[in-house]
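2 protein chains.
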Amino acid sequence: MKTIQWRKNKVRIIDQTKLPLKLAYLDLDNLKSMWWAIRKLKVRGAPAIGIAAGFGVVLGMRNSHAKTSLKFKQELKRVTNYLRKARPTAVNLFWALERMERQVFAHHHKSPSFLKELLLKEALKITQEDRDICRRMGRFGAGLVKKNDVILTHCNAGALATADYGTALGVIYEAKKQGKKLKVYADETRPVLQGARLTSWELMKNKIDVTLICDNMAAQLMKEGKIDKIFVGADRIAANGDAANKIGTYSLAVLADFHKIPFYVVAPVSTFDFCLKSGKDIPIEQRNPQEVREVFGKQVAPKNVKVYNPAFDVTPNSLISAIITERGILRKPYERSLRRLK
Amino acid sequence: MKTIQWRKNKVRIIDQTKLPLKLAYLDLDNLKSMWWAIRKLKVRGAPAIGIAAGFGVVLGMRNSHAKTSLKFKQELKRVTNYLRKARPTAVNLFWALERMERQVFAHHHKSPSFLKELLLKEALKITQEDRDICRRMGRFGAGLVKKNDVILTHCNAGALATADYGTALGVIYEAKKQGKKLKVYADETRPVLQGARLTSWELMKNKIDVTLICDNMAAQLMKEGKIDKIFVGADRIAANGDAANKIGTYSLAVLADFHKIPFYVVAPVSTFDFCLKSGKDIPIEQRNPQEVREVFGKQVAPKNVKVYNPAFDVTPNSLISAIITERGILRKPYERSLRRLK
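Listed in order, the protein sequences are those of chains X and L.
Under our numbering, residues 46 to 387 are what the first sequence spells out, in order.
Under our numbering, residues 46 to 387 are what the second sequence spells out, in order.
Simulated from the structure, these hints should not be mistaken for laboratory data.
Take these hints with a grain of salt, some might be off.
In the SDA-like style, the derived pairs of lysine to any residue whose C-alpha atoms are separated by at most 25 Å in a straight line are [what the hints assert, rightly or not]:
#1 X/Lys87 to L/Lys348
#2 L/Lys268 to X/Ser366
#3 L/Lys161 to L/Arg57
#4 X/Lys377 to L/His304
#5 L/Lys343 to X/Leu64
#6 X/Lys351 to L/Lys348
#7 L/Lys351 to X/Met249
Owing to the predicted nature of the structure, the values given are computational and were not obtained by experimental measurement.
Based on the provided sequences and hints, a complete structural model is requested.
Listed below in structure tokens is the structure:
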């Protein structure tokens, strides 16, 4: 099971909108289909979006007829600007596009065909690096996990959100590998139900003891003393440690604070946006009201009811017990600890 | 539109499991069908469950062949014991059954046919009283609402949860009647989606400005300063003011506390259970895991995933700003203010 891979000159992704009913793959062979796959959440999760963007550039440029590197760079700019608009919040998208651009700019004297090769190499490198990074984060994070811990997670920050292994779920996989028995509660994560559809599916596949709950049940579990730790991913982290993640994460962080439960964010360095001083500046994607009026295509609310549907929220640094990256565990004050990552 | 009514010797209810796709009525003419209607949430909401239980007794006893009042009382006991098991949390069910029994016991020398009439009269009286009580609560509650307030509510505590008008939504209807312009956010309220299916439908029908959100978005709205007050209903309130209500209510109360937003519970005196010292003693219904694995009949999670599905949670008195009853507004310390209701 591979979330995203380069295969026979196409990008093969799992169509995550079909899970858990069907494990279906999509072979993407052009820029536009990649844009839609990102937009429509067929591939999602900040690190996976970064990888998808990298491959998106490859698909967008490989048929370029540019004769000069100057022309090639101009076309590249159009391609990256297009992909940039697929989704606004996860910074890994922009990070990956900039990495792809940097390769071309660093070799601007080379021929277009050389540059095309270079782009593919870089996209594959981003993918391979993500695998390694997830494992490193997993090892750091697993140090925070004790035997028999019960962990709550939100959305899907697993193999399906990355090249494989995952961020928050990577910690769980690694802890299990170390022989620590664990139990996981997964928020279903409305409206798109990544927890119900993806996390519970992925954890069951990996033989992790998982129990599914509705988002509004988490507080009750905490009150009953059933949750030891919370691990979530992130889509963008500002320079002060404020972290944007799937809608509902901020809610969990407040509840964790009230119940004195450690709240951990697991994210690679590519998720940090040092240009933003605080979380206030992180753009929050507002998605289609139909996602709330419908569930997985089934109408559940009046057709014309007004809806508020932000895809993300921002958890202030004060509510985050630690941020786990591939370079180590960051603690408060984050303004200082994050500076070391730059 | 009437949630529950006595009509042509049958109990006509709105089948709330069909809303908002279809406004369908069910005519119940026997005890068992009423039991199932309560169990399957075709009629739901603490006060409406009380009314349904009253009519359930009427349906269960009207074909009694008992020749003596002693025999009649024995049969009555069987009927009430049966209805008692329809659902465990909302105390209005038990309260109504006891009221029905009390009528018969107070007239135990009368003939079975007289007692049958008496039961119907009492069930109709419970219904009529509920209408009046809702309006009285509405008036008390509306005093807490200011012009242009933005109110958040959870589940459905409206006309569909009562004879009509509602508890929490009754406050909103009354405030509107008094000319106060309001805006309402409704939590969709997973797993059964009473907010999406019932509250948004009911408020739109009554021309109240309503916006639907997923449960996990409430914290974000509070953080944005968009919520002025929270009004919810209750299914059972202990002698110390701890209040059981739809799962997710406790979560809202903690979030309200963090964001310093007033959190109000609106419930008739029939919802108070003075036998229970605190909320710890309130039995919490655990419902079918399929409610979480499916949404409105559509599968959204792996078929065999473990699920935790409590239908209610208990909000501790410390997080409740006030409890609005038909006899006035109760404030802390609730141990004392509730004693006056007994």
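Report the numbers of all earlier hints that the structure fails to satisfy, in ascending order. Failing hint: just 6.
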